[in-house]
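The primary structure of each chain is shown beneath.
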Amino acid sequence: MKMILAIMPNNLSDEVSSFLLDSDFRVTKFASTGGIFAGGTTTLMIGVDDDKVETGLKLIRDQIPPSKPADAAHSRVTIYVLNIKDFARVY
Amino acid sequence: MKMILAIMPNNLSDEVSSFLLDSDFRVTKFASTGGIFAGGTTTLMIGVDDDKVETGLKLIRDQIPPSKPADAAHSRVTIYVLNIKDFARVY
Amino acid sequence: MKMILAIMPNNLSDEVSSFLLDSDFRVTKFASTGGIFAGGTTTLMIGVDDDKVETGLKLIRDQIPPSKPADAAHSRVTIYVLNIKDFARVY
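Chains as they are written, first to last, in our numbering: chain A, 29 to 119; chain B, 29 to 119; chain C, 29 to 119.
FYI, nobody ran anything at the bench for these hints, they're computed from the structure. One or more hints might be untrue.
As the list makes no split between identical chains, a pair holds if one copy fits it or if it spans any two.
[Unchecked claim] List time: in silico SDA-like cross-link candidates among lysine to any residue, alpha-carbon distance up to 25 angstroms: (1) Lys96 <-> Val81; (2) Lys80 <-> Thr61; (3) Lys96 <-> Lys113; (4) Lys30 <-> Lys96; (5) Lys86 <-> Asn111; (6) Lys96 <-> Val76; (7) Lys80 <-> Asp52; (8) Lys80 <-> Arg117; (9) Lys96 <-> Gly62; (10) Lys113 <-> Met31; (11) Lys96 <-> Ile112; (12) Lys96 <-> Asp52; (13) Lys113 <-> Gln91.
All values reported here derive from a predicted model rather than from experimental measurement.
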C-alpha cells in the first residue's frame, strides 16, 4: 500500500479531492502553507493499494488545468509517494 | 521506529490523544477534513519505537467507543503505519 | 529522496522555514498541536534529495536558539526522516 501526498494551491484542491472521492479514493485534506503561490496550499493525503497508485496520480494530474504562461516556470503541484507498512480501519 | 497516522472524527481525538500522552506516547495533532462524517477530522501523528507499535494501536482502538448501528457500514478511524528512517530531537 | 518532518514551537518555525527556503529547500508548513510547550506547534514537511538530508538537518538545528535552563529537560524540536518512493511535480 502507498500514501500519496499532493500539495497544491487551495483553488485546485476542491476539484481534485472531489474527483478522487468520486473514484473511491480515500482522501484526507490538510491546510498548509508554502511555495510561491499566494492564498495557501492544501495537502491531500491518499492511502491507496499499490495497483491504484498510477490511477490516482493520473486522476490528480487530469484535474490540474494547463498552467498560465506566468506560472510556467514553477511547479504548482508537488506529489510524494511513500510506502505504507500497515493499514487498519476501526469500524 | 515507526510513524502511526490515525485519522478520526474530532470528537474522538481528545480522548485518544490524552490517553496516548498519559501512556508516554509522543503525539502531534493536525486538523484535517475528509471522509463521510460531519464535523471534521483530526489526524494524530505518533512516532513510536518498533516494539511499541502494537501497544499504541491497541491504546487507540481501546478508546474508540463501539459504533452506533447507523455508522456500522463505515470505518470511523483509519490508521496508517509508516517506517521512520531517522529520528532526532533538539533540546 | 527523503521527507524530513520537523515539529517545533510556532515561534521558531518562521525563522527555520525562511532559512530553508533561502537555501532552496522545498518547505510545506502545517499548524499542529502537541507536546508540552504552550502556543501550538508547526510541522515542516521538506522533500529533499538523499545527499541534502544532512545539510537540511544542520540548517534546522542551526536555527534553533540555545535552550533556556527551564526547557533543558524537554526536546523542543522533533525530527523524523522518512523514505520517499516517488516524487513528481506538475507544472
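Hints versus structure:
With identical chains, the CA atoms of Lys96 and Val81 are never at most 25 angstroms apart, being 27 angstroms at best within one copy and 33 angstroms at best between copies. Taking the shortest Cα distances, Lys80 and Thr61 sit within 25 angstroms of each other only across copies (22 angstroms), while inside one copy they are farther apart (28 angstroms). In this assembly of identical chains, Lys96 and Lys113 lie within 25 angstroms of each other by CA distance neither inside one copy nor across copies; the values are 39 angstroms within and 30 angstroms between. For a Cα distance limit of 25 angstroms, the shortest separation of Lys30 from Lys96 qualifies neither inside one copy, at 31 angstroms, nor across copies, at 30 angstroms.
Taking the shortest alpha-carbon separations for Lys86 and Asn111, both the intra-copy value of 18 angstroms and the inter-copy value of 22 angstroms come in at or below 25 angstroms. For the homomeric pair Lys96 and Val76, neither the shortest alpha-carbon distance inside one copy (31 angstroms) nor that between copies (27 angstroms) is at most 25 angstroms. For a Cα distance limit of 25 angstroms, the shortest separation of Lys80 from Asp52 inside one copy, 11 angstroms, qualifies, whereas the shortest one across copies, 32 angstroms, does not. Taking the shortest alpha-carbon separations for Lys80 and Arg117, both the intra-copy value of 19 angstroms and the inter-copy value of 19 angstroms come in at or below 25 angstroms.
Only within a single protomer do Lys96 and Gly62 lie at most 25 angstroms apart by alpha-carbon distance; the minimum there is 20 angstroms, versus 30 angstroms between protomers. Taking identical chains as interchangeable, the C-alpha atoms of Lys113 and Met31 lie at most 25 angstroms apart whether they share a chain (10 angstroms) or sit on different chains (10 angstroms). Proximity of Lys96 to Ile112 under the C-alpha cut-off of 25 angstroms is found in neither arrangement, the shortest distances being 35 angstroms within a copy and 29 angstroms between copies. In this assembly of identical chains, Lys96 and Asp52 lie within 25 angstroms of each other by CA distance solely across copies; the values are 24 angstroms between and 30 angstroms within a copy.
For a Cα distance limit of 25 angstroms, the shortest separation of Lys113 from Gln91 across copies, 23 angstroms, qualifies, whereas the shortest one inside one copy, 29 angstroms, does not.
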